[in-house]
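Participant: Protein sequences, first through last, are from chains A and B. Positions 1 to 197 (the UniProt record's numbering) are the ones given, in order, by the first sequence. Positions 1 to 134 (the UniProt record's numbering) are the ones given, in order, by the second sequence.
It cannot be assumed that every hint is accurate.
Only pairs whose alpha carbons sit at most 16 Å apart, straight line, appear in this in silico EDC-like list of lysine to aspartate or glutamate [said to hold, decoys possible]:
#  : chain 1 : residue 1 : chain 2 : residue 2
1  : B       : K109      : A       : E50
2  : B       : K50       : B       : E37
3  : B       : K70       : A       : D125
4  : B       : K50       : B       : D68
5  : B       : K50       : B       : E66
6  : B       : K53       : B       : E37
7  : B       : K113      : A       : D125
8  : B       : K53       : B       : E83
9  : B       : K70       : B       : E55
10 : B       : K53       : B       : D36
11 : B       : K113      : A       : E5
12 : B       : K50       : B       : E86
13 : A       : K2        : B       : E83
14 : A       : K27       : A       : E50
15 : B       : K70       : B       : E83
16 : B       : K113      : B       : E123
17 : A       : K2        : B       : E56
18 : A       : K27       : A       : E76
Distance windows between CB atoms, simulated [as the list claims (entries may be wrong)]:
#  : chain 1 : residue 1 : chain 2 : residue 2 : range
19 : A       : S83       : B       : V26       : 17 to 23 Å
20 : B       : K109      : A       : S28       : 33 to 39 Å
21 : A       : S32       : B       : E124      : 32 to 38 Å
22 : A       : T67       : B       : A87       : 42 to 48 Å
One-sided and incomplete, this derived list gives chain A residues near chain B with beta-carbon spacing under 10 Å [said to hold, decoys possible]:
#  : residue
23 : M1
24 : K2
25 : S7
26 : P17
27 : G22
28 : R23
29 : Y25
30 : E29
31 : T75
32 : P77
33 : V108
34 : A110
35 : N117
36 : R120
Honestly, the hints are just simulated from the structure, not real lab data. Idealized CB from N, CA, C, for every residue including glycine.
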Amino acid sequence: MKLHETSVLGYSRMVAPPDRQGRLYKKSERSSSYQRRWCELRGNLLFYWERQGDREPLGLILLEGCTVELQESATEPFTFEISYSHGSLGHRAYKMAAEDQASMEGWVRALSTASFNYLRALLTDLEGQYRASGALGATPLEERAVERSPLVEAVGLPDFEGLHCQFGEEIMKLRARWREGRAGGDQTAQGDLIDLE
Amino acid sequence: TAPALHPPLLNALFFAVLKKRLVKLVVNFLFYFRTDEAEPIGALLLEHCKITKEEENVFSISFIEEPDRKYSFECDTEEQCQEWIEALRRASYEFMRRSLIFYRNEIQKMTGKDPLEQYGISEEARFQLGTRKL
């Protein structure tokens with residue numbers, strides 16, 4: 001299967017800082033030695049390079065439907081494992097070692113809540129709370145604020161006009177869709193029962 | 001289950017070739033298959049990209065890093081086309097993250113409470129307002 005390089009590399013090179021970055025030791029699949037890697041977590045993808053600053057990543061791990069657990073190792077301290085046991089992927093595990101206790105704990109926490117499905121579950125919950133709170137007689141000023149696209153709020157830009165000029169037509173469409181969706185009481189939620197890992 | 005789409009891969013230098021493919025959206029990846037096969041031929045990551053409505057029944061995906069290249073998809077109906085556009089635009093981790101930050105901020109303003117506190121993730125950099133750049 002061919003992973004589309006432009007999209008994957010493009011994401012790894014986004015200007016925004018990654019969600020977590022640092023040195024980890026990854027157990028090689030061929031030899032059983034641990035190899036030093038520079039790792040960056042971005043969304044549900046863990047990218048890794050041989051060295052920090054290298055242009056091309058060596059690989060990436062998709063953090064979806066996996067378990068991240070502390071793991072005892074005979075040879076390395078501060079080890080943990082990212083494992084999958086789904087049908088088509090068979091059983092597959094990535095053994096990683098951190099440099100110290102704090103780093104290990106931080107990585108395990110970050111990786112175990114990195115999945116798209118986890119974020120979706122959080123988002124569904126917050127959407128529900130937002131509707132519940134909003135329904136309790138918001139003032140006209142709040143209603144207006146509420147109509148703004150999430151993109152505007154998230155970057156804290158002062159006004160929609162500025163954003164429109166900067167990003168063009170795409171923003172207009174997103175904003176209109178956002179407003180329609182909210183006005184119609186429409187589900188932006190995906191509707192599946194989701195499991196917070 | 002995903003409806004079958006026909007994605008011609010348009011390249012300015014070559015002829016447009018219409019190829020019938022089965023396309024599946026799974027989290028933030030768009031997998032595509034030859035219709036009879038179980039294994040995907042390839043996958044596109046739907047981050048930092050733009051989904052554009054083109055002519056009737058057609059939409060395209062282009063990536064910010066590669067703005068001149070459009071991956072076009074022709075659907076069976078206009079309705080299906082709109083459904084796909086909707087679904088693909090929301091199928092981005094970054095889109096969801098921005099939405100989450102927005103809701104978090106709004107809920108905090110309206111109720112005075114941080115909704116992420118109960119999950120023990122209030123301090124995480126990835127959910128902070130003002131750290132995300134487009």
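Participant: Each hint needs a verdict: does it hold in this structure or not?
Facilitator: Hint-by-hint comparison with the structure:
1. K109(B) to E50(A): 44 Å, violated
2. K50(B) to E37(B): 28 Å, violated
3. K70(B) to D125(A): 35 Å, violated
4. K50(B) to D68(B): 12 Å, holds
5. K50(B) to E66(B): With a Cα-Cα distance of about 11 Å, the restraint between K50(B) and E66(B) holds, given a limit of 16 Å.
6. K53(B) to E37(B): 29 Å, violated
7. K113(B) to D125(A): The given pair, whose Cα atoms are some 15 Å apart, holds under the 16 Å limit.
8. K53(B) to E83(B): 11 Å, holds
9. K70(B) to E55(B): 13 Å, holds
10. K53(B) to D36(B): The hint is violated at about 28 Å.
11. K113(B) to E5(A): Violated, at roughly 42 Å.
12. K50(B) to E86(B): 12 Å, holds
13. K2(A) to E83(B): Measuring from Cα to Cα gives roughly 26 Å; hence the hint is violated.
14. K27(A) to E50(A): Holds, at about 13 Å.
15. K70(B) to E83(B): Violated: K70(B) and E83(B) sit about 19 Å apart, past 16 Å.
16. K113(B) to E123(B): Distance ~14 Å between K113(B) and E123(B) Cα, so the pair holds.
17. K2(A) to E56(B): Status violated; Cα separation ~29 Å.
18. K27(A) to E76(A): Cα-Cα ~10 Å, so holds.
19. S83(A) to V26(B): 17 to 23 Å: Cβ of S83(A) to Cβ of V26(B): about 19 Å, so the range 17 to 23 Å holds.
20. K109(B) to S28(A): 33 to 39 Å: Cβ of K109(B) to Cβ of S28(A): about 50 Å, so the range 33 to 39 Å is violated.
21. S32(A) to E124(B): 32 to 38 Å: For S32(A) and E124(B) the Cβ distance comes to about 34 Å; the hint holds.
22. T67(A) to A87(B): 42 to 48 Å: Taking Cβ atoms as reference, T67(A) and A87(B) lie about 28 Å apart, which means the hint is violated.
23. M1: 5 Å, holds
24. K2: This interface hint holds because 4 Å falls under the 10 Å limit.
25. S7: 4 Å, holds
26. P17: 7 Å, holds
27. G22: Result: violated, 13 Å to nearest chain B Cβ.
28. R23: 18 Å, violated
29. Y25: Result: violated, 23 Å to nearest chain B Cβ.
30. E29: 21 Å, violated
31. T75: Where the cut-off is 10 Å and the nearest Cβ of chain B is about 32 Å from T75(A), the hint is violated.
32. P77: 26 Å, violated
33. V108: Violated - the Cβ of V108(A) stays beyond 10 Å from chain B, reaching only about 14 Å at its closest.
34. A110: 8 Å, holds
35. N117: Since the shortest Cβ distance to chain B is 7 Å, the answer is holds.
36. R120: 6 Å, holds
Going down the numbered hints, you'll see the structure goes against 1, 2, 3, 6, 10, 11, 13, 15, 17, 20, 22, 27, 28, 29, 30, 31, 32 and 33, while the others check out.
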